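Residue numbers (my numbering), protein chains in the order written: chain S, 12 to 126; chain P, 3 to 113.
Quick caveat, the hints were computed from the structure, so don't treat them as lab data.
Note that the structure is a prediction, hence the values are computed from the model and not measured.
One thing to keep in mind: the hints can contain errors.
Covered stretches of chain P, going by a simulated chain S footprint (3 or more residues, C-beta under 8 Å) [claimed, not checked]: (1) 11-19; (2) 38-44.
Result set (DSBU-like, lysine-lysine): computed pairs, CA atoms no more than 35 Å apart in a straight line [said to hold, decoys possible]: (3) Lys58/P <-> Lys112/P; (4) Lys28/P <-> Lys112/P; (5) Lys71/P <-> Lys58/P; (6) Lys68/S <-> Lys72/P; (7) Lys72/P <-> Lys28/P; (8) Lys68/S <-> Lys112/P; (9) Lys28/P <-> Lys58/P; (10) Lys72/P <-> Lys58/P; (11) Lys112/P <-> Lys72/P; (12) Lys72/P <-> Lys24/S; (13) Lys71/P <-> Lys68/S; (14) Lys28/P <-> Lys71/P.
Yeah, the Cβ is synthetic: ideal placement off N, Cα and C, and Gly gets one too.
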Amino acid sequence: KAGVTQTPRYLIKTRGQQVTLSCSPISGHRSVSWYQQTPGQGLQFLFEYFSETQRNKGNFPGRFSGRQFSNSRSEMNVSTLELGDSALYLCASSLGADSLNTEAFFGQGTRLTVV
Amino acid sequence: SQQGEEDPQALSIQEGENATMNCSYKTSINNLQWYRQNSGRGLVHLILIRSNEREKHSGRLRVTLDTSKKSSSLLITASRAADTASYFCATAEYNNNDMRFGAGTRLTVKP
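Modelling step: build the complete structure from the supplied sequences, incorporating the hints.
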């Protein structure tokens, strides 16, 4: 069974640009969560989707958005990039709706560098 | 914001020794999970312990949870060089619909 796939693995963008990251969950998993990991702030929750609906959202500005498609694949978008958005963005999938109380499977992440 | 705080921040031991990492958190939780991360890669789930459980085992791993002290510990017995990684605790709180990670413990196991 294929794991969680995130694309691209590495990305370099310029300040002010926007970026879209993609996550394909494990087949059959319907819940997808996104996290930002930086050396200074550690791992921080961005948002969670289940059945194409955003169920939970972390404390990030509106520049960070996401969506989930009917096949459970998810994308996150960051607009008007800032240097501080440089981070490893991790996607995790879970089998059911109760993602916070079950095992989450993480992808390898997308490393975004903003210059 | 982070919920859990791991202690120590870094731990270096010899192969074969046991490694103990601690996690403290601030609010009431539904469950606590431990994850491992190898050098800037994705996280691997180790154990989930629910708030009504006190101890759980998985292979060489033992996790304890003390809700009265709001703390958890992860014990890795007979460590191996392959256990070298960062270990994070993550909590799911009653009142927040998100998972909060600690800053992690960086474990180095020397062969």
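Check whether the Cα positions of Lys71/P and Lys58/P lie no farther apart than 35 Å.
Roughly 17 Å separates the two Cα atoms, so the pair holds.
Restraint status (C-alpha distance of Lys72/P to Lys58/P at most 35 Å)
holds (16 Å)
Measure nothing beyond the straight line between the CA atoms of Lys71/P and Lys68/S; if it is 35 Å or shorter, mark the hint as holding.
Between Lys71/P and Lys68/S the Cα gap is close to 29 Å, so the pair holds against 35 Å.
Tell me if the straight-line CA distance from Lys28/P to Lys58/P falls inside 35 Å.
holds (21 Å)
Does Lys72/P sit within 35 Å of Lys68/S, going by the straight-line distance between their CA atoms?
Holds, at about 25 Å.
35 Å limit on alpha-carbon distance, applied to hinted pair Lys28/P and Lys112/P
Given pair Lys28/P, Lys112/P holds - Cα atoms ~33 Å apart, limit 35 Å.
Proposed proximity, Lys71/P with Lys28/P (alpha carbon, max 35 Å):
Distance ~9 Å between Lys28/P and Lys71/P Cα, so the pair holds.
Taking beta carbons only, do three or more residues of the region 11-19 of chain P come closer than 8 Å to chain S?
violated (count 0)
Within a Cα-Cα threshold of 35 Å, do Lys58/P and Lys112/P meet the stated pairing?
Holds. Lys58/P to Lys112/P sits at ~26 Å (cutoff 35 Å).
Pair hint Lys112/P and Lys72/P, alpha-carbon separation not exceeding 35 Å
holds (31 Å)
Would you check the hint for Lys72/P and Lys28/P, treating anything up to 35 Å between C-alpha atoms as holding?
It holds: about 7 Å lies between the C-alpha atoms, which stays within 35 Å.
Given the hint that Lys72/P pairs with Lys24/S, does the C-alpha gap stay at or below 35 Å?
Violated - the C-alpha atoms of Lys24/S and Lys72/P are around 41 Å apart, more than 35 Å.
The structure fails hints 1, 8 and 12 (numbered hints given earlier, in ascending order).
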